[in-house]
Amino acid sequence: MLHIEGLSSHYGRIQALDSVDLTIGEGELVALVGANGAGKTTLLRCLSGVQPVSAGRIVFEGQDITRAPSHRRVKLGIAQVPEGRQMFGPLSVEDNLRLGAYRRRGPKVADDLDRMYTRFPILKEKRKQSAGTLSGGQQQMLAISRALMSRPRLLLLDEPSMGLAPLLVSEIFDTVKLLKSQGTTIFLVEQNAYAALGIADRGYVLETGSVVLDDAGRALLENERVKTAYLGL
Amino acid sequence: MPPAFVELLQFLFSGITSGAIYALVALGFALIYNASHVINFAQGEFVMLGGMITWLLLSHGIDLPLAIAGAVAATVVVGLALEKLAIEPVRDANVVTLIIITIGAGIFLRGLTSVTLGKDLHAVPAFSGNEPLELLGATIMPQSLWILGVTAAVVLALHLFFHFTILGKAILATSHNRLAARLMGVNVNFVLLLSFGLSALLGAVAGILIAPITATHFEVGIMLGLKGFAAAILGGLGSGLGAIVGGLLLGLIESLGAGYISSDYKDAMAFVVILGVLFLMPQGLFGKRGTERV
Numbered sequence: 366m367l368h369i370e371g372l373s374s375h376y377g378r379i380q381a382l383d384s385v386d387l388t389i390g391e392g393e394l395v396a397l398v399g400a401n402g403a404g405k406t407t408l409l410r411c412l413s414g415v416q417p418v419s420a421g422r423i424v425f426e427g428q429d430i431t432r433a434p435s436h437r438r439v440k441l442g443i444a445q446v447p448e449g450r451q452m453f454g455p456l457s458v459e460d461n462l463r464l465g466a467y468r469r470r471g472p473k474v475a476d477d478l479d480r481m482y483t484r485f486p487i488l489k490e491k492r493k494q495s496a497g498t499l500s501g502g503q504q505q506m507l508a509i510s511r512a513l514m515s516r517p518r519l520l521l522l523d524e525p526s527m528g529l530a531p532l533l534v535s536e537i538f539d540t541v542k543l544l545k546s547q548g549t550t551i552f553l554v555e556q557n558a559y560a561a562l563g564i565a566d567r568g569y570v571l572e573t574g575s576v577v578l579d580d581a582g583r584a585l586l587e588n589e590r591v592k593t594a595y596l597g598l
Numbered sequence: 006m007p008p009a010f011v012e013l014l015q016f017l018f019s020g021i022t023s024g025a026i027y028a029l030v031a032l033g034f035a036l037i038y039n040a041s042h043v044i045n046f047a048q049g050e051f052v053m054l055g056g057m058i059t060w061l062l063l064s065h066g067i068d069l070p071l072a073i074a075g076a077v078a079a080t081v082v083v084g085l086a087l088e089k090l091a092i093e094p095v096r097d098a099n100v101v102t103l104i105i106i107t108i109g110a111g112i113f114l115r116g117l118t119s120v121t122l123g124k125d126l127h128a129v130p131a132f133s134g135n136e137p138l139e140l141l142g143a144t145i146m147p148q149s150l151w152i153l154g155v156t157a158a159v160v161l162a163l164h165l166f167f168h169f170t171i172l173g174k175a176i177l178a179t180s181h182n183r184l185a186a187r188l189m190g191v192n193v194n195f196v197l198l199l200s201f202g203l204s205a206l207l208g209a210v211a212g213i214l215i216a217p218i219t220a221t222h223f224e225v226g227i228m229l230g231l232k233g234f235a236a237a238i239l240g241g242l243g244s245g246l247g248a249i250v251g252g253l254l255l256g257l258i259e260s261l262g263a264g265y266i267s268s269d270y271k272d273a274m275a276f277v278v279i280l281g282v283l284f285l286m287p288q289g290l291f292g293k294r295g296t297e298r299v
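Chain order of the listed sequences is A and B.
398 is the number that the numbering used here gives to position 33 of the first sequence; each next residue is one higher, with no gaps.
88 is the number that the numbering used here gives to position 83 of the second sequence; each next residue is one higher, with no gaps.
Since the hints were derived computationally from the structure, they do not count as laboratory data.
Keep in mind the model is a prediction, meaning the values are calculated, not measured.
Hints should not be assumed to be uniformly reliable.
Unchecked claim - Taking lysine-lysine pairs in the DSSO-like style, the calculated list, with each CA pair at most 27 Å apart, reads:
#, chain 1, residue 1, chain 2, residue 2
1, B, K89, A, K440
2, A, K491, B, K293
3, A, K489, A, K545
4, A, K473, A, K545
5, A, K542, A, K489
6, A, K592, A, K545
7, A, K473, A, K493
8, A, K489, A, K473
9, B, K293, A, K493
What the hints assert, rightly or not - Listed below are several chain B residues computed to face chain A (Cβ distance under 7 Å; list not exhaustive):
#, residue
10, K89
11, V160
12, A175
13, A178
14, H181
15, N182
16, R183
17, A185
18, L188
19, M189
20, S267
What the hints assert, rightly or not - The following label-pair restraints were derived from C-beta to C-beta distances:
#, chain 1, residue 1, chain 2, residue 2, range
21, B, H65, A, P434, 40 to 46 Å
22, A, R484, B, V101, 43 to 49 Å
23, B, S119, A, G427, 54 to 60 Å
24, A, A433, B, F166, 27 to 33 Å
25, B, P287, A, V577, 45 to 51 Å
26, A, S500, B, E139, 57 to 63 Å
27, B, L283, A, G392, 54 to 60 Å
28, B, S119, A, A475, 51 to 57 Å
29, B, L283, A, R484, 26 to 32 Å
Idealized CB from N, CA, C, for every residue including glycine.
Given these sequences and hints, build the entire structure.
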């Protein structure tokens, strides 16, 4: 579904990604793990078209989208739950959700809104409140729901567990598993390598902008290098 | 009615009339500021173009309603062109550079107008005559009622647009979190284009409404732009409510200052307000607290 070939990206003169190759198949849950500053967020930003690519190609469902503007990628079915949740703080919870469906029109948007409220009843309860007043966990649920409102074929999740209490972390991961079982293809970026690789079909390890390992999720959990560097074992 | 009261009422009428104009100009500043953090110093030129093009069309024998529509449309085209030709190509430049570009665009538009339409002062007729109306002993011109009515209608329309349409909300979303807006599929270049168009529209409306009172001239935009800017600062840059309150307040300060202190200082009031706000409460009345690095 998604093929990345030789992808490089720079912030000014600093290289953040160095010819990354990566593939995600239809219906797969692929995890990307790595330390802070390894380039994980940069990679997701390149996929969403909000960070310039300096070399390489991104092919989504047979189409080269390397230079496509971000709004076209959303239309094609790539949605991102960004790091730090990135709420529209002063806007209401419902407005945040509706903006998630910005590229869609029609009555089905209202159906999807109901679906999100059924999945996370707390969002329905607080739908008139401004998003900035929600707790961290509620904001993460809203961020995921907002991305789902675009009916993505590929969902990019950037550190969904960051800054959340352990109970909420497992709730978020349960949600991710549920989405996968419903057929959404998911690319999950996490510092919490143990949890991410535990639910992933396959995983990639990113170090200073390059992919250094890729394997099945379970196999990576057993890998000595991953164990020492990312699992603290 | 005691004469002192009538006098006060007269000052209040004239204060809210010019205040409404400042509010429209300040709203134009707020729209572009929210979309891009750029202070568009060509805003005053939109005001000038509104008045000048109305006069131009009238002088060619076109009826007033049509001349007004034409002037608004032409000014909107200028606003869109400014964004497309001068701002969008250098979108990633820093904010100060963009602000300097708008100053240059303002000078260019002023120059172009003086070369093509001349440097004379032109009168534009009032929309419904010059017969003053009497209210509680004070008089008010019908044009003032037009100004207040149209400003109220514009403010209401903007309110509805931003609160009840997905496009309006997308503009708000872009101003709150540009990255997230892009990730939701909002085309932020289009949002910027739209805000220049809307700002030009607001400026043109202000210029057309005020033209029958002050007459129009290729340089009227300088003072009206600066006063709208002062109003926007007073209300808090980027706040819609602030722009309206700031505009009305500035109009009242000016007219009461001119009435009770000296009319020599009428134009100085706006600058005293800017300095006062910047010294005492830089975020303005309704602005966000905290400072921002530019």
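Practice task
If any of the earlier hints don't hold here, list their numbers in rising order.
Solution key: Result: hints 10, 11, 16, 20 and 29 break, sorted rising.
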